[in-house]
Each structure stands twice: as structure tokens, then as C-alpha cells.
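*Asks:* Residues per chain are reported as follows:
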Amino acid sequence: MIEGIGIGTGGTGSTLLLAGAVGVVFVSVLLLGRVMLGPTMQDRVIALNVIGSNAVIVIALLAGAMDEPAFLDIALVYALLNFLMSIAISKFTVERGGVL
Amino acid sequence: MITWIEGGLLLFVVLTALMTAMLRDVLAAIIVFGGYSLGMAILWVVLQAPDVGLTEAAVGAGVMTVLFLVTIARTTRMTGLEVTTVDVNWSAAVLCVVFVFAVLATVPALPAVGAGPEANPAFGEVSSYYIENAYDDTHVENVVTAVLVAYRGFDTFGEATVVFAAGVAVLTVLRREVFE
Numbered sequence: 062m063i064e065g066i067g068i069g070t071g072g073t074g075s076t077l078l079l080a081g082a083v084g085v086v087f088v089s090v091l092l093l094g095r096v097m098l099g100p101t102m103q104d105r106v107i108a109l110n111v112i113g114s115n116a117v118i119v120i121a122l123l124a125g126a127m128d129e130p131a132f133l134d135i136a137l138v139y140a141l142l143n144f145l146m147s148i149a150i151s152k153f154t155v156e157r158g159g160v161l
Numbered sequence: 004m005i006t007w008i009e010g011g012l013l014l015f016v017v018l019t020a021l022m023t024a025m026l027r028d029v030l031a032a033i034i035v036f037g038g039y040s041l042g043m044a045i046l047w048v049v050l051q052a053p054d055v056g057l058t059e060a061a062v063g064a065g066v067m068t069v070l071f072l073v074t075i076a077r078t079t080r081m082t083g084l085e086v087t088t089v090d091v092n093w094s095a096a097v098l099c100v101v102f103v104f105a106v107l108a109t110v111p112a113l114p115a116v117g118a119g120p121e122a123n124p125a126f127g128e129v130s131s132y133y134i135e136n137a138y139d140d141t142h143v144e145n146v147v148t149a150v151l152v153a154y155r156g157f158d159t160f161g162e163a164t165v166v167f168a169a170g171v172a173v174l175t176v177l178r179r180e181v182f183e
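Protein chains in written order, with the numbering used here: chain H, 62 to 161; chain Y, 4 to 183.
Heads up, a few of these hints could be off.
[What the hints assert, rightly or not] Computed Cβ-Cβ distance ranges for the label pairs, DEER-style:
no., chain 1, residue 1, chain 2, residue 2, range
1, Y, 21, H, 129, 29 to 35 Å
2, Y, 4, H, 154, 24 to 30 Å
3, H, 94, Y, 174, 34 to 40 Å
4, H, 101, Y, 51, 36 to 42 Å
5, Y, 76, H, 76, 43 to 49 Å
6, H, 154, Y, 147, 39 to 45 Å
Just so you know, the hints here were simulated from the structure itself, not pulled from any lab data.
All C-beta atoms, glycine included, are put in the ideal place defined by N, C-alpha and C.
With the hints as constraints, model all of the structure from the sequences given.
*Replies:* This is the structure in C-alpha cells:
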């Protein structure tokens, strides 16, 4: 609990952080439209990369709102995985067959 | 406010699952499946199970994507089907929905979350027994480890067999990719 601005469970600061997380989740749902429509595979990979970045943001906001600093480690792992996933798909589309 | 996050994430997960099943282009379905894993992983974090969330992200978004890509690299993939969807067998789909609702109808019969041993007899006595006697019985300091490797050792042995078989299968698929 950080005094003054109400970060931690139940304070006004944590409500603000949760509201931000709701907004970012809403944006991720909208991004699914771009993943669905494409039209090229590059559009889909970029849209998925943005969704992964949104996942990192949501988990970081939740770590602040729920006062659980351990969640930040998970956010870091997601950031690394997100990069790996985008690279794997991009490499597959450019040089057909090479993934690793 | 947490309810809104959970609702949004559930909507995201259901949409990505439907798109994975419906999209005809395999590569697009793999990309959407990566999104599904990310949504599922955040849901685990929201439900206060960060270790499961880590596993979901590492296995679902990381390993599965690469494995699927290697699989279609070694087989064939039809192109030019960018946004077409598969033909849905509607009677089978309706049957699946009916089955899901039949299973969901049993949920109200479950004991409430956090209910005491009187409402939840199957778990009340066992968990307190493990917590009190695990160290004397097994001399393992972590009670979860004690349950996994001592009390349920044969279950864990079966699990390890399955994981080993899966690892061998993955190496077989990846071999050309890795050793070329």
C-alpha cells in the first residue's frame, strides 16, 4: 500500500489502474478485428504483437492495483515471449520453412 | 471493476477460440491461437494463479506456436484463403452447445468457494491431514512437493511418463529443424 494516492487494494488509485486495464482489454478485443480481416499475414502478426504488448500492460496495471509486485516478473516473461512469437511467425513467412 | 476485466477477457478468449476453429487459413489460425493463449494467461493472473499463467504463456504462446509452424513447414499449406471460414456442421455445433449447457447445469450443485469442511467433506479432512503430518511421514519440507512425490507418487510417475513421451515426439518433429 503506497500512502497518499490510494494504490493498493480498494483505494481510488487502484480503481483508476483497474479502469485503465479494462480499457486496454477493450482495445485488445477491437484488435481481433484486424487479426481476423488481415488482409496480409504481416497485418496479423503486427496486430498480435500489439495484443501481446497490451497483455504486458494489463498485467503491470493489475500488479499495481492488487499490490502484488510478483506479477511484474510475469509481465517481463510475456514481453520476451511476445517478441519470440512475432519473430517466429515473421521468419516463417519470409523464408518459408525456417522457424527456429 | 475486476468483473469488467474478467468479462472483457472472457469475451476475448471466446472470440479467439471461435476464430481459431473457423479460419480456413492454417497460418492465420495459428496466429489467432497465440492471441488465445495470451488472453487465457492474463485470465489466470487475474484469478491469482500466476504460476499457471506463466506456464500457459510459455507453452501456449511460445512452444505451441513454434511447434505448429514447424508442422506446417514440413507439410503443406493451402494459400489464397485469407478470410474464408470452414463450412460449419450446424447439427454438431448445436450438439456441442447443448452438451456444454448440460455440464454447466451441474455447477450450482458444487460447494461454494471457501466453504468449510462441513459443506465440502471430500477436501476438509485430507488437506488438514497433509498439512499436519506431511513432514513426519515423508521428511519433505514443502507440503505440495510431499503430496506430489510421496503421497501421490504413482500418479506423478505416470505424468512423468507422458511428459517424456511428449518430449520424444517433439524432438522427432523438430529434428531436421535443429540438426540441419
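*Asks:* All hints are to be evaluated individually against the structure, with a verdict given for each.
*Replies:* Hints, one by one, checked against the model:
{"no.": "1", "hint": "Y:21 x H:129: 29 to 35 Å", "in the structure": "holds, 32 Å"}
{"no.": "2", "hint": "Y:4 x H:154: 24 to 30 Å", "in the structure": "violated, 39 Å"}
{"no.": "3", "hint": "H:94 x Y:174: 34 to 40 Å", "in the structure": "holds, 38 Å"}
{"no.": "4", "hint": "H:101 x Y:51: 36 to 42 Å", "in the structure": "holds, 39 Å"}
{"no.": "5", "hint": "Y:76 x H:76: 43 to 49 Å", "in the structure": "holds, 47 Å"}
{"no.": "6", "hint": "H:154 x Y:147: 39 to 45 Å", "in the structure": "holds, 43 Å"}
Checked against the numbered hints above, the structure violates only hint 2.
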